[in-house]
Structures are given as structure tokens and as C-alpha cells.
Amino acid sequence: MTDGTLETIDGRPALRFERVLTHPVERVWRAVSEPAELAQWFPAGAQWTPATGETFEAFGMTGRVVEATPPHRLRWTFAGDEYSIDLSAHAEGCLLVFVHVFDDRSGAAQTAAGWDAYLARLQPLLDGHPVTEAQVHESWEADHERYAERFGVDPTPGREFIAAHRQS
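So the numbering used here is basically just the index in the sequence shown, starting at one, shifted up by 2.
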């Protein structure tokens, strides 16, 4: 697994992750677009088709599908952030490129560690052996510290986040 990168897109911070998955594009598309499968690896299941222009609800907020081009591209906005998943054929199956564009660069390490954990659930799901969120979050703290150092951001907000979640 390769680490995500911190980039700038249209003047905003953006996290980019690339994963090679050992399944065809069409199978991966189902995992990233069908609500029942999405709910098994993503932070929340979206009740969507998805279709360009469609709105959906999650965590009490509304998102909007900006572009749905099955089985290769899915873009949406949610809570002021922009997301995209691009799928392309790869010698080993499928290359998935996930991008999250946001505003608060100080939270980049925390967000990157979270996406690392969620994306780590995708291959096992595709293989028919889903793993729990708790299992993949076992390395969250170490991942967070590594990202904070790589991105040159203060690790304190992420440390406070994990401490608060341990108490709840």
C-alpha cells in the first residue's frame, strides 16, 4: 500500500490515494457505487444510484453527485468538500484513484490516516473477506503521526481527536 499525497487543487488542499485492486474495473465500480457495498468499507453508505445531479443524505447533511460515468468516474460534493474516484484497467486488475479536496490543511494528517484505513477495507471486501472498521483503524495513530510529519502539519488536532474517541 502506498501513502496518500497532499496536493493543491484550485488553491485548496487535496489528498490523493492510488490503489491497485486485483479485480476488474466493473467489480470495483459496484463496490464504490452500490449502497450496500459502499457501506461495508466507506465511512458511510450513501443511498444513491449514483447519477449526475442526484442528491443524497449522510450524517444529516446533503451531498450532490457532480459526475457519474460508470464504470470509470464518480465525483461528488459533501459538506463543502469535493471527492472523486477514478477507475481504470491495470495489469493486475484495476487502478483506483481517490481524491478528497477540502479547506482545512491543518487536518490533513488526520484525514489522510482515516482514508488510509477506509481504503484498506476495499481489497478484502472485493476478495470476499470484509474487515471491520476497528481492525483497520488499529494503525491509525502511527499512520497519523507519519502523515503529520510528511505533510509538515501540527499533529495535535489528530491526537486530540483520537483521545476524545477513546473516551466515548
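Careful: at least some of the hints might be erroneous.
[Unchecked claim] For each label pair, taking beta carbons as the anchor points, the in silico distance ranges come out as:
no.: 1; residue 1: T54; residue 2: R168; range: 10 to 20 Å
no.: 2; residue 1: T158; residue 2: A38; range: 14 to 24 Å
no.: 3; residue 1: E59; residue 2: Y120; range: 27 to 37 Å
no.: 4; residue 1: T57; residue 2: V22; range: 25 to 35 Å
no.: 5; residue 1: A165; residue 2: R29; range: 17 to 27 Å
no.: 6; residue 1: Q169; residue 2: T57; range: 33 to 43 Å
Just so you know, the hints here were simulated from the structure itself, not pulled from any lab data.
In this text, a Cβ means the ideal position worked out from N, Cα and C, and glycines have one as well.
Against the structure, the hints:
no., hint, in the structure
1, T54 to R168: 10 to 20 Å, "41 Å, violated"
2, T158 to A38: 14 to 24 Å, "38 Å, violated"
3, E59 to Y120: 27 to 37 Å, "19 Å, violated"
4, T57 to V22: 25 to 35 Å, "32 Å, holds"
5, A165 to R29: 17 to 27 Å, "39 Å, violated"
6, Q169 to T57: 33 to 43 Å, "35 Å, holds"
Hints 1, 2, 3, 5, counting from the list given before, are not met by this structure.
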